[in-house]
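Place chain B on chain A using the hints.
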Amino acid sequence: MRYAMAVDTRKCVGCSDCVVACQTENNVPIGYCRDWIVEVTDGTYPQLEMEIRSERCNQCVNAPCVRCCPTGASHFADGGIVLVTQTECIGCGACIASCPYDARYPHPDGYVDKCTFCIHRIKNGMKPACVDVCPTKCLYFGDLDDPNSDVSVVLRKRKYKTLIPEAGTKPQLYFLI
Amino acid sequence: MTTRRNFIRISAIGAGALIAGAGSYKILKTLSKPEELKNLKLDLRRTATYCEVCFWKCAGWVYKTSEGKIWKIIGNDEDQNCNGRLCPRGTGGLGMYYDEERLKTPLIRVEERGKQVFRQATWDEALEVIAGKMKEISAKYGPESMALFSHGSGSAYYTTLFKAFGSGNIAEPSYAQCRGPRDDAFTLTFGEEVYSPEITDIRDTKCLVLIGSHIGENMHNGQVQEMSDAIDKGAVIITVDPRFSTAAGKSKYWLPIKPATDIALLLAWIHEIIYNEYYDKKYVEKYCTGFDKLREYVKDFTPEWAYGITTIKPDQISSTAKEMSDAAPAVIVHPGRHVTWYGDDTQRLRAVAIINALLGSWGRRGGFYRPARFDLAPVKLPPFKAPAREWSDLFPGKYPLASLTVSNAIIDATVPENNPAYPVKGWLVNGTNLISTIPNTPNTLKAIQNLDLLVAIDTMPMEITGWADVILPECTYLERYDSLRTGPHRKPSIALRMPAAEPMYDTKPGYQIARELAVKLGLQDYFPFEKQEDLLDWQLKQAGSSLEEMQRLGVKNFERDADDLYFAEDEEVEFYTDSKKIELFSPYLESLGFDPLPRYTQHPEPPEGYYRLIYGRAPMHTFSRTANNPNLTDLMDENSVWVNPKVAKEWGLINGQYIWLKNQDDIVTDFSVKVRVTERIRWDSVYIVHGFGHKQQQMKRCFGRGVSDTQMITKVLVDPIMGGTGMRSNFVTFVTEKAGEEVAS
Numbered sequence: 000m001r002y003a004m005a006v007d008t009r010k011c012v013g014c015s016d017c018v019v020a021c022q023t024e025n026n027v028p029i030g031y032c033r034d035w036i037v038e039v040t041d042g043t044y045p046q047l048e049m050e051i052r053s054e055r056c057n058q059c060v061n062a063p064c065v066r067c068c069p070t071g072a073s074h075f076a077d078g079g080i081v082l083v084t085q086t087e088c089i090g091c092g093a094c095i096a097s098c099p100y101d102a103r104y105p106h107p108d109g110y111v112d113k114c115t116f117c118i119h120r121i122k123n124g125m126k127p128a129c130v131d132v133c134p135t136k137c138l139y140f141g142d143l144d145d146p147n148s149d150v151s152v153v154l155r156k157r158k159y160k161t162l163i164p165e166a167g168t169k170p171q172l173y174f175l176i
Numbered sequence: 000m001t002t003r004r005n006f007i008r009i010s011a012i013g014a015g016a017l018i019a020g021a022g023s024y025k026i027l028k029t030l031s032k033p034e035e036l037k038n039l040k041l042d043l044r045r046t047a048t049y050c051e052v053c054f055w056k057c058a059g060w061v062y063k064t065s066e067g068k069i070w071k072i073i074g075n076d077e078d079q080n081c082n083g084r085l086c087p088r089g090t091g092g093l094g095m096y097y098d099e100e101r102l103k104t105p106l107i108r109v110e111e112r113g114k115q116v117f118r119q120a121t122w123d124e125a126l127e128v129i130a131g132k133m134k135e136i137s138a139k140y141g142p143e144s145m146a147l148f149s150h151g152s153g154s155a156y157y158t159t160l161f162k163a164f165g166s167g168n169i170a171e172p173s174y175a176q177c178r179g180p181r182d183d184a185f186t187l188t189f190g191e192e193v194y195s196p197e198i199t200d201i202r203d204t205k206c207l208v209l210i211g212s213h214i215g216e217n218m219h220n221g222q223v224q225e226m227s228d229a230i231d232k233g234a235v236i237i238t239v240d241p242r243f244s245t246a247a248g249k250s251k252y253w254l255p256i257k258p259a260t261d262i263a264l265l266l267a268w269i270h271e272i273i274y275n276e277y278y279d280k281k282y283v284e285k286y287c288t289g290f291d292k293l294r295e296y297v298k299d300f301t302p303e304w305a306y307g308i309t310t311i312k313p314d315q316i317s318s319t320a321k322e323m324s325d326a327a328p329a330v331i332v333h334p335g336r337h338v339t340w341y342g343d344d345t346q347r348l349r350a351v352a353i354i355n356a357l358l359g360s361w362g363r364r365g366g367f368y369r370p371a372r373f374d375l376a377p378v379k380l381p382p383f384k385a386p387a388r389e390w391s392d393l394f395p396g397k398y399p400l401a402s403l404t405v406s407n408a409i410i411d412a413t414v415p416e417n418n419p420a421y422p423v424k425g426w427l428v429n430g431t432n433l434i435s436t437i438p439n440t441p442n443t444l445k446a447i448q449n450l451d452l453l454v455a456i457d458t459m460p461m462e463i464t465g466w467a468d469v470i471l472p473e474c475t476y477l478e479r480y481d482s483l484r485t486g487p488h489r490k491p492s493i494a495l496r497m498p499a500a501e502p503m504y505d506t507k508p509g510y511q512i513a514r515e516l517a518v519k520l521g522l523q524d525y526f527p528f529e530k531q532e533d534l535l536d537w538q539l540k541q542a543g544s545s546l547e548e549m550q551r552l553g554v555k556n557f558e559r560d561a562d563d564l565y566f567a568e569d570e571e572v573e574f575y576t577d578s579k580k581i582e583l584f585s586p587y588l589e590s591l592g593f594d595p596l597p598r599y600t601q602h603p604e605p606p607e608g609y610y611r612l613i614y615g616r617a618p619m620h621t622f623s624r625t626a627n628n629p630n631l632t633d634l635m636d637e638n639s640v641w642v643n644p645k646v647a648k649e650w651g652l653i654n655g656q657y658i659w660l661k662n663q664d665d666i667v668t669d670f671s672v673k674v675r676v677t678e679r680i681r682w683d684s685v686y687i688v689h690g691f692g693h694k695q696q697q698m699k700r701c702f703g704r705g706v707s708d709t710q711m712i713t714k715v716l717v718d719p720i721m722g723g724t725g726m727r728s729n730f731v732t733f734v735t736e737k738a739g740e741e742v743a744s
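Each protein sequence line maps, in turn, to chains A and B.
Position 150 (the first sequence) corresponds to 149 in numbering that gives the first Met the number 0; numbering is contiguous.
Position 443 (the second sequence) corresponds to 442 in numbering that gives the first Met the number 0; numbering is contiguous.
Just so you know, these hints were derived from the structure itself, not from any lab.
Because the structure is a prediction, the values reported are computed rather than measured.
It cannot be assumed that every hint is accurate.
[As the list claims (entries may be wrong)] Here are the simulated EDC-like pairs of lysine to aspartate or glutamate, each with C-alpha atoms no more than 16 Å apart in a straight line:
1. Lys580/B / Glu284/B
2. Lys251/B / Glu50/A
3. Lys136/A / Glu741/B
4. Lys126/A / Asp76/B
5. Lys158/A / Asp231/B
6. Lys156/A / Asp231/B
7. Lys251/B / Glu48/A
8. Lys136/A / Asp228/B
9. Lys136/A / Asp231/B
10. Lys321/B / Glu276/B
11. Lys694/B / Glu100/B
12. Lys160/A / Glu54/A
This is chain A alone, in the form it adopts within the complex (with noise of 0.2 Å):
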């Protein structure tokens, strides 16, 4: 089992509806987000080019983050999704630091708080909080070691890309182009 998520950035409008889903669900404090939008413009006046994208955590395959924490809270759960035990963190930011993607933030309570995938919602058979809201259906989520999940039909239908993959960590966050 290999969770992953494909973000369709022709879709993407950037409404951020993804980041306020999390931060209900979740109950993320306000000033804070698990989720975010990227917008990147192109060109010079009229010859543009945009792309929105959706970001959150990559679930990388290999985890800068889970190797230099220094306790062992961060740690791979089921299918790669990638988690801090909150009680096992002494919030000293290594992870944070070593993150390509500055997908954790140092949560008030004194833990790293990061995407999980919604793994508590999964584990009852539904997909996570953004998925679930995107107005414009642009996230794909499933298991790409199921040929039939809807993130392993819409990768082999699209083209598309990671983001900083030479950071080598192996991404599990896809954006179709």
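Using the frame of chain A, we list chain B on its own:
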């Protein structure tokens, strides 16, 4: 030709009555065949609602934690408006409930108006003061000297109250400050408006044309969803906008038009469609009148002619016209929503309607579908007294085609120097912050100072409440019942809003406020149900459902009574126009002395060193009303002014710098605004998102954050046809230093 005007006015009254849950618009069907219902059990963790953060009114479920605290709001899968997916504002709607800066108690003003010194009052005392003043005004000037400005679900109750009181001065800024020109232009052409949610069949379109409409930034949920579906299916999107909008970024064609020249482009498209014989000949022949006059009229409006005006290259105009015709009839030249731009907006929207007619998209799959709605049984009320004087009598002959009340006309009539036919002395303002909603704020404030009574009903201490004599704190939509939502959409449906929590603080639901005021005015017979839930249960039982069933379902959809979402092949269609045809040429407009075919008029251009102020929406906010919502402010807490890099270089502006804006009338913004240097805006314009720059200090999260576009809109181009306030008519320049003030940080 008074008949026609009467027809339009009747349909408008119909629309108003529909909001009140009574009456019906004739094209809409009464239906009663329910779909097979899922045997849903009442789930105690969630309560049904439909959203009130914007006008789309998506149905959803409010979930609570095991401690009974409101946790999250999730779309209802059965709802056609949202398909189970709320937008960021709906998802963040709980911030309206949790906002600790809400209005908490009735307040009565104790100092002069505008000084904002109030004392707490009981509901009984506050309503007593209002009723007393309303009676005084009625005795002295007549009941029609009371005017209502309203927005949202509460409108229905205050409308009933005002009609019972004897005033027809019932205005919603959503007409003359927003979608009025579109609805009147489509009614003139097709005999029908495009409704809300719009009847655009985007999910099945092959070509979507957006003219200044920035779907994706305006988060009209169903449309955003359907545009995404259309992208998946390979639809061509053509976006006309001086700004590289989000939608432009998803478009095959982006036409970076010079602002205020859209009608020239539309006329050139009509020219191309007619003279290349792209139009749907059978459709035009069968359903339209005035084609020959139109053909002759657009003879010289070539793409080359339009190029000189719009700066859009002739080959782009031709190829986009061809794309539209290739997709026809599955093409939508979108009517837009906020369309009050340049004062000739009804004419521009007429041109949009005409193109749709030529391409045969009205009534066709992928174009515009026929809406259906559920018709609820009306509650029997005593007859309303016809007002002795209507709003249209305030300034006889002005805005002859206005199908709804023109808010700005009532405001103008409140200023005695404007010599209205009768005085307006009292306002009741519900859910609309007139200070941010109505352009030319100095005029609005002048009107306010002439009032004998100003009542503001809101959930938040918006600017308008600061000017009120009495402030009534409404509870949010999460704490109340409201009227049943009944469409329109592809299928008729009913949606329920019920309270997920008791009203917080000393707040009350709209129905109750209106009813209690009615009791004080001796008008309680117009509110026969003491509790709104009893009214809803009665209505639902008449419709074969019940409150108990709707609490389980949230939304109930019904099948249409006939398979008539689109026109059938060769169907004989009677349009609700004088000729019973689609009127390409409008004899009615001609009879009133207006152009029967849309005319391009050159609008003033920015003087040297000034830039046209264009404003728009951000997906995480609704107007100015969400600016203090903690969840939504977290997503966007200020606006920025978009400046083209060439312009920025000329002025030495850098990204992130804070500056002030000054308009052509030397008005400088109260607050400073962050510069966003971006290629996404033309060099002759700047852009800001509407709804920021709040001046009300009680709203701490949004006070002084960003600037108000409304403050810069002091020059208003009023549409003579229907009174719409054209607001893209203002020019601003940059101020980097303001005496005695520091920029925001």
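Structure-based check of all given hints:
1. Lys580/B / Glu284/B: OK: lysine 580/B and glutamate 284/B at ~10 Å, within 16 Å.
2. Lys251/B / Glu50/A: holds (14 Å)
3. Lys136/A / Glu741/B: violated (44 Å)
4. Lys126/A / Asp76/B: With a Cα-Cα distance of about 15 Å, the restraint between lysine 126/A and aspartate 76/B holds, given a limit of 16 Å.
5. Lys158/A / Asp231/B: Between lysine 158/A and aspartate 231/B the Cα gap is close to 14 Å, so the pair holds against 16 Å.
6. Lys156/A / Asp231/B: holds (12 Å)
7. Lys251/B / Glu48/A: holds (11 Å)
8. Lys136/A / Asp228/B: The given pair, whose Cα atoms are some 8 Å apart, holds under the 16 Å limit.
9. Lys136/A / Asp231/B: Satisfied, since the Cα-Cα distance of roughly 10 Å is no more than 16 Å.
10. Lys321/B / Glu276/B: Roughly 10 Å between the alpha carbons, so the hint for lysine 321/B and glutamate 276/B holds.
11. Lys694/B / Glu100/B: Answer holds: lysine 694/B to glutamate 100/B is near 14 Å, not above 16 Å.
12. Lys160/A / Glu54/A: holds (13 Å)
Comparing the model with each earlier hint shows a violation of hint 3 alone; every other hint is respected.
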